Amino acid sequence: MMNSTLPWRLCAAAVLAAVLSTIVNAASGNARPAPSVSLPDRSGTVITLQSLHGRVVLLDIWASWCPPCRTAFPAYDALYREYREQGFDVLAVNVDEKRSAAEEFLKGRDFQMKVLFDPKGTAPEVFRLRGMPTSYLMDKRGAIRFSHEGFTDKLVPQYRREIEQLLAEAP
Amino acid sequence: MKARPAGSDCRAAGVVASNRWTILVGGLAVTWIVVGLFVFLGGARSKAQEPQAESVGLQFHTFVDSRGVTVLSPTVDLGMDFTNRTGLRVGFGVDAITAASDSCARCHAEGARNAREFVNASIIKTYGDTKVSVGGEFSHEDFYQASTVSTSISRTLNQANTTVAGGYSFSWNRPQLHPDEIVENQLAQSAYATLTQTLSKYTVMQLGYELGSILGYQSNPYLRTSVDGVKMVGVHPEERMRHAFTARLRQAMPGDVYLEADFRRYFDDWDVNANTWSVGLSHEFNPRVTASGIYRRHAQQGASFYQPSYTGSPQFYTADFRLFPFDSNLYTGRLAITPQRGLLIFPTGTSLTAQYEFYKSTTNFEAGIFTLGVRMPLKHP
Amino acid sequence: MTPTIRVMLILGLLAAGSSLTACATVQPWQRSRLAKNSMQFNPDPALTAFAGHWQESREGAAGGLGLQGGGCGCK
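Protein chains in written order, with the numbering used here: chain A, 1 to 171; chain B, 1001 to 1381; chain C, 2001 to 2075.
By construction, these hints were calculated from the structure, which means they are not laboratory data. Small disclaimer: the values here were computed from a predicted structure and weren't measured. Treat the hints with care, since some could be wrong.
[Unchecked claim] So the derived label-pair ranges between C-beta atoms look like this:
1. 1333/B <-> 82/A: 46 to 54 Å
2. 1378/B <-> 82/A: 34 to 42 Å
3. 1364/B <-> 2037/C: 32 to 40 Å
4. 153/A <-> 1076/B: 21 to 29 Å
5. 1182/B <-> 130/A: 54 to 62 Å
6. 1256/B <-> 164/A: 38 to 46 Å
7. 1144/B <-> 130/A: 48 to 56 Å
8. 171/A <-> 1056/B: 46 to 54 Å
9. 1379/B <-> 164/A: 21 to 29 Å
10. 1056/B <-> 78/A: 21 to 29 Å
11. 1285/B <-> 171/A: 51 to 59 Å
12. 1325/B <-> 122/A: 53 to 61 Å
[Stated by the list, open to error] Below, a list of computed lysine to aspartate or glutamate pairs in the EDC-like style, where the Cα atoms sit at most 20 Å apart:
13. 1231/B <-> 1320/B
14. 1360/B <-> 2056/C
15. 98/A <-> 1256/B
16. 1379/B <-> 77/A
17. 1201/B <-> 97/A
18. 1201/B <-> 125/A
19. 1201/B <-> 118/A
20. 1125/B <-> 149/A
All residues carry an ideal CB built from backbone N, CA and C; glycine is no exception.
If we strip away everything but chain A, and leave its shape as in the complex, we get (with noise of 0.2 Å):
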């Protein structure tokens, strides 16, 4: 005969299961490894993700037609001329399919990251990115610790506690 209280220890080893799981998520960030990328730069010179471990790495996938990425853009480059001494780095990853419409957004603009370029999309492939724009914060390690999808002026302060705690790791 069925212990019945069996299915009750059932349902509450797997809540337990699930609240630790989430614990657990939590505590880590949801951190992975940032997967393999390797793209040219404006002047056609082969950047890889992972020659910049031992850095803080922000890497963000943008287009000219997404209006939240063209926001995002000065920005970004702003943390960028802000952290850049501290070890911290970004890489802006344009998913135009002509590069012509990413030339005509940088024209005139004054800006001092690396932009990178990708028309096939293999970053956000890899990234498995689900909107656009999304970023990612990688710490010294390589790991992804932080991603954000979409951008406001608003998210800026939050962006810069993540990088200042990333910054502050040990390598």
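Got chain A; can you put chains B and C on it based on the hints?
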């Protein structure tokens, strides 16, 4: 359909007033239950959202028709974001009717001036992939006042390839039977639902349905028809149920050309049936200059109680041209320009639109509508 | 429900169903054409509102303008 019994103005107003709150509360309750379901089932999570288009727009419309009526209508609208999830939209406009509309000219041979002002506002909140808005509009002119509250909700699914949306609005309209002092009541409500689906990288379609209900005074106090040789102000039913089905398509074609095609099937319980379809092409010369041409055809049957003139004692009779059978053609040309460095005092990202429309119907009515618009971003894009 | 309404609803559901099965999932980074103004159903709400206002003042049919969706799908 019920005709308004003679001498029952006050009683009708009382019945309409008691129904008004029932309809409003019921409609809003249903809408918010749906909103709650959307948010709950969608798992409203807080995340950064695209800024609502923060901009200010100015448009000037000039409407000139074959009756000699000229309407000058400036409108202003403003969109602002308070937080990354909350936006505000406000609008204001004026219709200034000058010269003589054919109704006013019968009594005011020297010409009549009338202005209709309207103001509207809405709050938009974003919860993850769900957007909810609540708003209202108030308009006022001599002999007519309208107050509207509305709400809408939309949710994107399937990585933004599918959008479901719906909305509800309730209006309390008060026409005055000029030159009498009598003010009538009319309650109008409508609800709509749409489904938008991306079919490919180049094609998107939308299906929609709108249901409308109007209760109360719906006659036109300014137009008279012949009943047994005597000119009489028309009498319309006091209930009307309206349906509109729409199907729309947008197709990106080679050479930066875009096709738009819309169809609307309308019918109501006054037997006004109409098919309206439009087709247009746009060409993007470069990212800053786009030209468009659109043709629209509207064909409608007249109301069941429409006749050119009446004999005997008809229950309903009308001189309202909107209930006549007729066809119409509308031709639209539009040019949109976004200068690279802004324009004069306007900042970078400012866009200009110029549009001309020519409307001609088989009721021998023609109109030309010219629109000039400017939209300025509140932040540098 | 009148026969006409019933038929329209059935046709609409069939069209919606068949369109959904026929469509492909477009990835968020592939929406460059879909993001164009010319691909929107209501790119200029103020212009649409004015057109609806004067057309309703001349024609017996109304509605079908409160529509949303499509676009860049941006967050």
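How the hints compare with the structure:
1. 1333/B <-> 82/A: 46 to 54 Å: At 49 Å between Cβs, range holds.
2. 1378/B <-> 82/A: 34 to 42 Å: For residue 82/A against residue 1378/B, whose Cβ atoms are near 25 Å apart, the range 34 to 42 Å is violated.
3. 1364/B <-> 2037/C: 32 to 40 Å: Holds, at about 36 Å.
4. 153/A <-> 1076/B: 21 to 29 Å: 25 Å, holds
5. 1182/B <-> 130/A: 54 to 62 Å: Between residue 1182/B and residue 130/A, where Cβ atoms are some 59 Å apart, the hint holds.
6. 1256/B <-> 164/A: 38 to 46 Å: 45 Å, holds
7. 1144/B <-> 130/A: 48 to 56 Å: 49 Å, holds
8. 171/A <-> 1056/B: 46 to 54 Å: 49 Å, holds
9. 1379/B <-> 164/A: 21 to 29 Å: 26 Å, holds
10. 1056/B <-> 78/A: 21 to 29 Å: 26 Å, holds
11. 1285/B <-> 171/A: 51 to 59 Å: 52 Å, holds
12. 1325/B <-> 122/A: 53 to 61 Å: 60 Å, holds
13. 1231/B <-> 1320/B: Roughly 13 Å between the alpha carbons, so the hint for residue 1231/B and residue 1320/B holds.
14. 1360/B <-> 2056/C: 15 Å, holds
15. 98/A <-> 1256/B: Between residue 98/A and residue 1256/B the Cα gap is close to 13 Å, so the pair holds against 20 Å.
16. 1379/B <-> 77/A: Holds, because 17 Å separates the two Cα atoms, which is no more than 20 Å.
17. 1201/B <-> 97/A: Distance of about 12 Å is within 20 Å: holds.
18. 1201/B <-> 125/A: 16 Å, holds
19. 1201/B <-> 118/A: 18 Å, holds
20. 1125/B <-> 149/A: 17 Å, holds
The earlier numbered hint that this structure contradicts is number 2, and it is the only one.
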